[in-house]
Structures are given as C-alpha cells and as structure tokens.
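Student: Single-letter residue listing:
2 protein chains.
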Amino acid sequence: MTSPKASHASVKADASQAFSHKLSSVADAVEAFLAERLGPETQAGEITRPVRLMEAMRHAVLGGGKRLRPFLAVETARMLGGSEAGALAAGSAIELVHCYSLVHDDMPAMDDDDMRRGKPTVHKAYDEATAILVGDALQTLAFEILADSAWQPDPSIRADLVLGLAKASGLGGMVGGQILDLGAEGRFGAVSLDVEDTLQLQAMKTGAILAFSVDAGALVGGATPDQRAALWRYGLALGQAFQIADDILDREASPEAMGKATGKDKDAGKATLVDRLGIDGARAECDRLVGICEEAVSAWGDKAQTLREAARFTVARKV
Amino acid sequence: MTSPKASHASVKADASQAFSHKLSSVADAVEAFLAERLGPETQAGEITRPVRLMEAMRHAVLGGGKRLRPFLAVETARMLGGSEAGALAAGSAIELVHCYSLVHDDMPAMDDDDMRRGKPTVHKAYDEATAILVGDALQTLAFEILADSAWQPDPSIRADLVLGLAKASGLGGMVGGQILDLGAEGRFGAVSLDVEDTLQLQAMKTGAILAFSVDAGALVGGATPDQRAALWRYGLALGQAFQIADDILDREASPEAMGKATGKDKDAGKATLVDRLGIDGARAECDRLVGICEEAVSAWGDKAQTLREAARFTVARKV
Chain A
1 MTSPKASHAS
11 VKADASQAFS
21 HKLSSVADAV
31 EAFLAERLGP
41 ETQAGEITRP
51 VRLMEAMRHA
61 VLGGGKRLRP
71 FLAVETARML
81 GGSEAGALAA
91 GSAIELVHCY
101 SLVHDDMPAM
111 DDDDMRRGKP
121 TVHKAYDEAT
131 AILVGDALQT
141 LAFEILADSA
151 WQPDPSIRAD
161 LVLGLAKASG
171 LGGMVGGQIL
181 DLGAEGRFGA
191 VSLDVEDTLQ
201 LQAMKTGAIL
211 AFSVDAGALV
221 GGATPDQRAA
231 LWRYGLALGQ
241 AFQIADDILD
251 REASPEAMGK
261 ATGKDKDAGK
271 ATLVDRLGID
281 GARAECDRLV
291 GICEEAVSAW
301 GDKAQTLREA
311 ARFTVARKV
Chain B
1001 MTSPKASHAS
1011 VKADASQAFS
1021 HKLSSVADAV
1031 EAFLAERLGP
1041 ETQAGEITRP
1051 VRLMEAMRHA
1061 VLGGGKRLRP
1071 FLAVETARML
1081 GGSEAGALAA
1091 GSAIELVHCY
1101 SLVHDDMPAM
1111 DDDDMRRGKP
1121 TVHKAYDEAT
1131 AILVGDALQT
1141 LAFEILADSA
1151 WQPDPSIRAD
1161 LVLGLAKASG
1171 LGGMVGGQIL
1181 DLGAEGRFGA
1191 VSLDVEDTLQ
1201 LQAMKTGAIL
1211 AFSVDAGALV
1221 GGATPDQRAA
1231 LWRYGLALGQ
1241 AFQIADDILD
1251 REASPEAMGK
1261 ATGKDKDAGK
1271 ATLVDRLGID
1281 GARAECDRLV
1291 GICEEAVSAW
1301 GDKAQTLREA
1311 ARFTVARKV
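From first to last, the protein sequence lines are chains A and B. Anchor point for the first sequence: position 30 equals 30 in our numbering, and the numbering is continuous, going up by one each time. Quick note, our numbering runs 1000 ahead of the 1-based positions in the second sequence.
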C-alpha cells in the first residue's frame, strides 16, 4: 500500500519525467535540424564549403546543451496551434546565436575557458582564428535560416523574426551585455556594479534572447497582439528567473557538474541578487518570478502546462 | 587652341571627376546614415547601450573607406528607378558586414594588422575582447537594418535582402573564403593553392559580397528576373575584376598609399592571376571583365553610365 505522501511524490516524479521527455524530444529535433544544416551531405551543388570551418562549427553546436531556447519557441508555437516545424527552425537559429556567443566568450581575450559542455572549447580544439570565424559564421547562419522561406512561408514573419533576433542579440542585447560583463571585471578601469546594474547587464546578456525565444514562438504561432504581450511578460520573467538561478548555481555547483569553470561571478566582484538576498532569498525571488510566468499564460489553461513546467524547470535545473 | 588629344584627355578627366563626385556623394550619405545608427543621440528610450562598445563600433565604421558596396547598391537601384533611401540602408548594412570582417581579420590571431585606413585597428585602439564584440555587434546591426520596415516596406524584399547577405557573407561566402585564405598561409598544414583555387577563394572572400551589393540594388529597385540575372552577371564580373586589381595593387602599391600592410599575398605563397599572367596580362584580364560588365548592363543604355564607370573605377583604383 502506498502512503498519500509517497503517491504525491510519485505524481511529481512522473510529471518531472514527462517534462524531461518533452525537453529531450525537442533537443533531439534541434540536433537533427542543425546536424543537417551543418552536415557535408547537404552541400552538393553549393559553393565548396571549407571543411575545417564546418567541422569546427559542428564541434561548437552539436552534441550538447539543453536547447532551452528552441524548446521555448517550439512549445509556445505548439500551444498557439502554430507550425512546429517553423518554430523548430526559428528556435534552432536562436540556438546558433547562443552557440556563437559561447565560442567567442570562451576565447582567451574574453573569459578564457578551456572546457565547455565537458569538451574542449573551439579555440582549444582548433585555434583562435578558427574560433573567431566559427562564431561569425554561426551568427550568419542563424539569420540565413530565419530568412529562408522553406521554414516560414510568410515573409513578414520572417522579417520580424530577423529583426527580433537582431535586437535581442546585438548592441542593446546579448553583445552589449557581454561587454558590460567584461567591464564589471574591471578590465576597462575600476568599476563596481550594484545589484540593479547587474540585473540590467543580465537582462541584456541572457534575458533578451530567452524572452525572444518565447516571442519567436508567438510570431510563428500567429499570436494576437494581446497574446504576444502576455507571452512577452512570460518570457521576461522566465529570463530573470533563469539569471538568478544561474547566480545560485554559480555559487553552489561544482565545475564537474557544470562542465565549465564556476564561481567566476563572485571572483569578479559583481554584486548579484544572491549577495543581497542570500541563497534562500534568491530562491524565493525565483519562485515569485515563476508565479508571474504562470499568471502570464493562465488564459491558455491546460494548454499552457508545458510552459508552466518550463518556468519551474528553469529555476530548478542543476546545470 | 587645344589639340584634339588634349581635349579628349580633358573630357576623360571631367568624366572621372564627375564619377568621383558621385562616389563621394554616396559615401557621405553612408557616413551620415551609419553615424546616426551608431550615434548616442539615437538611444533615448532604448535599453542603455554600452558606451565603450559603441565608441569602438564608430571607430571601426566611420571616417573611412570608399563605400564601394553601398555605391553599387544605390546606383543599381537608381538605374532601375527604385528607392534610393532603401538602397542606401541596404548598402550601409552591407558596409557594416564589410567593416566587421575587417575588424576580425585584423586581429592578432588572424592577419595581425596594426593599421587600417591610416588609423589603429580596433584591437590596437581598444583591446582584443572589444574587437571581437565590435565585429559581432556590427554583423548583428547589419541584419537589424535589413529587416527594418522603416527602410523597406515590402517584407518579402526585406527577407530576400537578409537571405542574400547571409549567403554572401557566411560559410559559403566571405567567412568561408577567409578561412581558406588562412589555410593558404599554411596555418593548418602545408597547402599549395593553384590559380583556380585562389580565384575560388577570392570569389568567396570578396566577390560574393560585391555581387550581392549589386543584387541588393536590384532587389530594392524591383528588377524583373531577367534584369536581376543580367545585373548578377555584372556583379560577378565586377567582383572578379576587383580581386585581380587587388592582387595588382598588393604587388605594386606602397603600404603608405594603401593605409595597411601590402605584399602579404605573395609572402603567403598563394598563386594569383598576377603570378600566371604577369602585371600586364592581369591588367588585360581586368579589361576583359570590365567588358563583360559593360555588356551586362547594355540594355539600360545611358542609364547604365554610372555602373559602367563603376566597373572601370574598380580596376583603375589606386587604393
């Protein structure tokens, strides 16, 4: 006989397992999509592509990562009844931008990391010149996929996807956040970031792309302006929760579990919400943000179940 | 009294002066367009942009260059009666990709150049991390401009511009050509490029973007498929002529005149058309390609005058 408590735990475990299954199912689809785009077998009839560059691009992209960004795009489009193939392509393009940023961020002139996802970073496995070009070509490929009519017949959605990804990943988003992050280390002169500065930096560096991942799903899924606004609120809160969870992980996790160096933020003397609120306080803030996510998608009822789980996963993840 | 020969020379000088005037007029418009996009005065209401990154982007982009790529886009659109403002935006986006490639190519891990257009390269004026991020953000900004409805109301043209620039500048174009060029220096093992290999490399590294610059003007100008094909022939031949002229310049010009190091291609042991045909033979090949350019635009008669001059300028330029 099973006690009520054990039964409750078992339901939770089942739900968690079901979510993991959905996550890995999208990750497999992303892997297959990107492997085909980066595979030599698709090149017939095209201009000869440089083998070394393609190999290094595959090294940078394939065989790793939770693929959270494509997952958000695909599940948002699915909830809206939109094209899952279109969302998979858009999400994979976003993943390429995420991967390019990791390749460049890992370089000696930037964060100087030797390992990523448990394998050597691109500049270690190849060389620095190749790493620069891999990042450049991955970014370009992302926009090429978004502009391709094969995945998205409506040209205005294609153009909106390109515009959205560019805004989320450029000067006012990811790249801007990255240089602020380098500045926070004191590279360009002494500087001290308070918690609000850090939150702003993180919103640019990682939050903008996460929020856009949801928005990409909304665009592909044909969301109304009101729906898009609600999903934008979801994406922003999820991005913030992700960042705080990252700070907690950075403080607590071992390098082995993360597959990369940890504890760097604290070394850099950048004040995070964990510094202000402590680990427990930061966890409570994560829970509050998950609540905002859940409220933002409440109008979709049961259909929003996966997005609700995604928000909870974002704060509970161990890597 | 003027001799017929002197009068002929004077007519040629006038024509050359008129062309120079057109070229610098578009260059001024490009400068103004990009200065506004990269200027702090446009940032009100947007997410705070990192000052150092913006300064370094302006350093990389403003105050230099012939702006040949935007010129080709603008003059092609003008010939077709299309929107010059739309072509200027598209051409400026292409120029940003050209500029980003220079910033990354100049880095120590790549060509290791200290000077560009008579001023310090970005990694010398700032640092390597900033140079990586400047290149990244310039590429992103290029796609942001192309996808912006402010410059191009038709979303299918916007999407086609994005797709065309991505194909011309990525793995199968500029970045692919750049890694083949590094390979030609023997970095990744001994290799010997024959003339055909070098032509292929150059077609990817610089030819694809030049041909796309013309194609961008054709897209903005609403060219018919036949017109677009003719203009594509023009752009391809112009790109080839540009490359051979570059090889001749690289062999002959002084570093002072070029504003950067010269003679590197020969040092790298990469066989060029100049090696096979000699300087005079290479010049004759340039003339043949200019003839192809002129033939390709012959259907436009007098309206194609500037594009004909642009082809002749491409092979006669001194920098």
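A portion of the hints provided could be inaccurate.
Straight line, CA to CA, 27 Å or less: simulated DSS-like cross-link-like pairs of lysine-lysine [what the hints assert, rightly or not]:
1. 167(A) to 1022(B)
2. 124(A) to 1124(B)
3. 119(A) to 167(A)
4. 167(A) to 124(A)
5. 66(A) to 22(A)
6. 22(A) to 119(A)
None of these hints come from the bench; they were simulated from the model.
Student: Would you mind marking each hint as holding or not holding in the structure?
Tutor: Structure-based check of each hint:
1. 167(A) to 1022(B): violated, 33 Å
2. 124(A) to 1124(B): Satisfied, since the Cα-Cα distance of roughly 24 Å is no more than 27 Å.
3. 119(A) to 167(A): violated, 31 Å
4. 167(A) to 124(A): Since the Cα atoms of residue 167(A) and residue 124(A) sit roughly 30 Å apart, the hinted pair is violated (cutoff 27 Å).
5. 66(A) to 22(A): Holds - the C-alpha atoms of residue 22(A) and residue 66(A) are around 11 Å apart, at most 27 Å.
6. 22(A) to 119(A): Given pair residue 22(A), residue 119(A) holds - Cα atoms ~25 Å apart, limit 27 Å.
Hints 1, 3, 4, counting from the list given before, are not met by this structure.
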